[in-house]
Structure formats: C-alpha cells, structure tokens
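Q: Combine the two chains into a complex, taking the hints into account.
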Amino acid sequence: MVHWTDHERHAITTLWAKVNVEEVGAQALVRLLVVYPWTQRYFASFGNISNAAAIAGNAKVHAHGKTVLKSVGDAIAHMDDLSHAFTKLSKFHSETLHVDPDNFKHFGDCLSIVLAATFGTAYTPDVHAAWQKMIAVIISALSKQYH
Amino acid sequence: MSLTATDKAHVKAIWSKAGGKAEEIGAEALGRMLEVFPQTKTYFSHYADLSVKSTQVRTHGKKIIDAITSAVNHIDEITGTLSSLSTLHANTLRVDPANFKLLSHTILVVLALYFPADFTPEVHLAVDKFLARVSHVLTDKYR
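Protein chains in written order, with the UniProt record's numbering: chain F, 1 to 147; chain H, 1 to 143.
Derived DMTMM-like pairs (lysine to aspartate or glutamate); straight-line CA-CA distance at most 20 Å:
id, chain 1, residue 1, chain 2, residue 2
1, F, Lys-70, F, Asp-80
2, H, Lys-12, H, Glu-77
3, H, Lys-53, H, Asp-66
4, H, Lys-129, H, Asp-76
5, H, Lys-129, F, Asp-102
6, F, Lys-133, F, Asp-102
7, F, Lys-133, F, Asp-74
8, H, Lys-53, F, Asp-126
9, H, Lys-101, F, Asp-102
10, H, Lys-8, H, Glu-77
11, H, Lys-8, H, Asp-66
12, H, Lys-41, F, Asp-126
Output of the computed footprint for chain F on chain H, the stretches with three or more beta carbons under 8 Å from beta carbons of chain F:
id, region
13, 100-113
14, 123-133
Worth flagging that the hints you see were computed from the coordinates, not collected in a lab.
From the three backbone atoms N, C-alpha and C, an ideal C-beta is built for every residue, glycine too.
Next comes chain H alone, as it looks inside the complex (with noise of 0.2 Å):
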C-alpha cells in the first residue's frame, strides 16, 4: 500500500505540527502503549517508572519520536534514512514485530488527541499507511 503524493503531503503537514512537540507526543505514544498493550513492558524491564510522565519513558519516546522525523524529512527514502536502526532493530533490539503496530496505533491516538481539528480521515489513512512503511523498513532485515 504505497504512499500518493497526496498522502505525503498530509503526513508532512500534520508532522510539521507534530514534530515540535516531540518529547510529549513520545512520551504520551509510548506510556501509552505500554499502559494499554501491558506485553509491550517486557521491552522495558529495566526501566524504574513505566508512566507517561516517567524521565526515561519521555526521553526514549522524543528518541522515537525523532527518527520518524527524520523519516518524515526524507520521504521519498525512508529505507535509506532508517537503515541503521533497520540493523539495530534487527540484531539488537528484536522487537517482536507485532508490536510495530501497537506503538503505530498509540501514536494515531495521541495525534487525533492533540490535534483533533487536523487530524482528519484522510489524514488519519495517510499517516496509517506511513507508519505501517516504517514499521516494515524497521522489520526488514530480521530474517
């Protein structure tokens, strides 16, 4: 399900938004996913306060947050732009590839949240489709 261009615009202009108020949107994508999807806190085991508000869950959720950034900026090359972290998530993270679209769907939540007025049907379908390319570059190289 490839991205039109009239879905790249929508993905861009709802992040520009998006994008400067990455450390929230992490924290509140990521405390909630593993807030309503409790398996998703065997990644996270090693972390003392699992809440939206906990430090170490804000500064990872601004980390993830940023790299779809940087996806966003580069996305006519998504698979070169997360190629790194295609290899990390592969070799060293090895999240369950489930997953992608737990954190996927947190995100859409926490941007209809944030931003109800532009956060319409069509681009609630084009950030779906977007998320769901990155999740796919992410998973690529795991076997």
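Chain F on its own, in the form it takes in the complex (with noise of 0.2 Å):
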C-alpha cells in the first residue's frame, strides 16, 4: 500500500483531469519509440514505424498511445491500491505480450517530459515529483506479475 500525501492526490488529479488523453498518450509513446528505438520490437503489427516521421504519423502508433494513457487514468482512480487492481494488465505483459519491464521506465520517462512539454510552467517541481511517484507506482505494479 502506497501512502499518498493530500497535496500528491491533488497535483496528480487536477493535472490529469486537465490531460488530453489522445494527444498526451499518442506524443509519449511517439518519443518512447525514437528515443528508445529497441522498444520498436514489440510494435512489428504497427506497419511503417522505420523512422522518426512515419513513427510520429503512423495512426496505430496513435491508437495504441491513447489506450497506454487509459491505463494511467486508471491507475490514478485505483492509486491507492494499484498492486491488486493491476494484477491481470501485469500478467498480460509478462505472459503475453513478453515486454521487458525495463521498458516502462523509459516510457514513464517520456511521459513525464510530455507533461512538461504540455503544461510548462504549471508542472512545478512538487507537481512534476508527485506525477514521478505516481509513474514508479504504475511501474511497481505492473512489475509485479513477472516471474
């Protein structure tokens, strides 16, 4: 069980409700795939992902970006109890989809650098380190299947 301070709760909720889940989801995901080229192994289905422009237009890249940021906003409703409720999407990624949970650090790091790219100044440090939290929260959960 996580404990969560009240000022956490509140910089986590209030920028996400103010997240534009298509668009947030779709730029993460984008940069995980040109920062982090490797993580191009999981995504052979998506078609034409060879290079930075085609990653960034490709609309399955997109698709896929949205539902990874769903999985946040869910997260977030079940932040305090995250482990239990994130039991199948773990076992999902570990038994199905075979994806090094080294991955999800990289992808929790370019949402955090999406968030500050979309919210600026407003993504003060107390705001950026609850949102670095809640990401290694995410993490720990969906690490915790794995074996």
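A: Structural data, given as structure tokens:
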C-alpha cells in the first residue's frame, strides 16, 4: 500500500483532469519509439515505424498511445491499491506481451517529459515529483506479476 | 551508442538556447532532481536550502550547465574537455554512477518545459545520447 499525501493526490488528479489522453498518449509513445528505438521490437504489426516522421504519423501508434494513457487514468483511479488492481494487466505484459519491464521506465520518462512540454511552468517541481511517484507506482504494479 | 552528425547538430541547436539561461535551467534541473529523487539529497547535506529558488542550488546548477556547455562546444573532444571534472568526480565527489541518469532525466524534463517546440522527439533522442556520453566520461575514472 502506497502512502499518498493530500498534496500529492491533489497534484496528480488536478493535472490529470487537464490531460488530453489522446494527445499526450500519442506523444509519449512516439517519443518512446524514437528515443529508445529497440522498443520498436514490440510493435512489428504497426506498419511503417522506420523513422521519426513515420512514427509520428502512424495511426496505430496514436491509437495505442491513447490506450496506454487510458490505463494511466485507471491507475490514478486505483492509486491506493494499484498492485491488486493491475494484477491482470501485469500478467498480460509478462505472459502474453513478453515486455521487458525495463521498458516501463523508459515510457514513464517519456510521459514525464511530455507533461513538462504540455504544461510548462504549471508542471512545478512538486507536481513533477508527485507524478514521478505515480509513474514509479505504476511501474512497480506492472512489474509485480513477472516471474 | 555513439553520436551521429545529426545528433551533434540537434544538441548544438537546442543548447544554443539553453546555454544562455544556464542559471535558470541549472537551478530547475538540480532542484527538481533533489525533489523528485530524494536520495540525491544525501550529496547536499551541507546546503541550507535545497529548493529550486535556493542561492546555493542556483549557483551549483549554473556550474553544471556551464560544464555541459563546454562539452557541447567541444562535442568531438568530450573526454579531453571534461578530463579534470572526471578526475574530480572519481577522487573527490564520488557520486554514485546511478545518479547521473537522474540528473540527465531532469535536464531533459526542463528542456521540454522551456523549449516545447524545439525539444522534438529527435532532439530528445540526441540530447539523451549526449548526456549519456557526458555521464560515461565523468564516471570513467571511478575504478
């Protein structure tokens, strides 16, 4: 069980309310595939992701970015019991998708950067810290069922 | 993961904007590192104020950004340019190698924050590689 201060909860939920899930999700996933190109190994079925321009314009990448960000929203809704809430999703990543959990951290870093680019000075150090903690909790929950 | 000519061009372009705001960017990157990754505070127990606004954090943040600027300006000779800083980190500062990734991350966040239009995915990639190279040089003499 994670301990959240009122300030952290407020910082996370307030910012989340302003997030355009489709936009931010797409941008974060585009960055993952461009900045950490080895992650493209998981997306062979997405068509042309051979260069930055192709990745940025790829409709499947955009759609999947939205899917991933929606799960971040679910995580926030279950932030007090995320390990339990994400049991199935964790098993799915481990047993079906076979994703190396190190990649969760790469995506988390990209998400933090996209939030900074989107919200600018509103992404204050304390809001940034609360979000990095949320991201760390999500990564831990997603990694939990790996064996 | 060596720097391509394109990477070097991207780094120089974004840094031409960042270098001029060295104190601001340095303070934000360092201050955010201390807040987001509290274990890093252990290296600054002698600072009275660890916030982004602190004079000590601003001064030190600027020092860090200025050092990175010199690496950008001598991007083909990073090892030589940062040699004495590398010795300092190995013998005196002895910052655990894991921490370089943390400061590199907050530098990227701050660049995205200040220059959202310029900090494209390709520029992000280039700067990430460049900072990894700088970190490698700075920890090179550790053992």
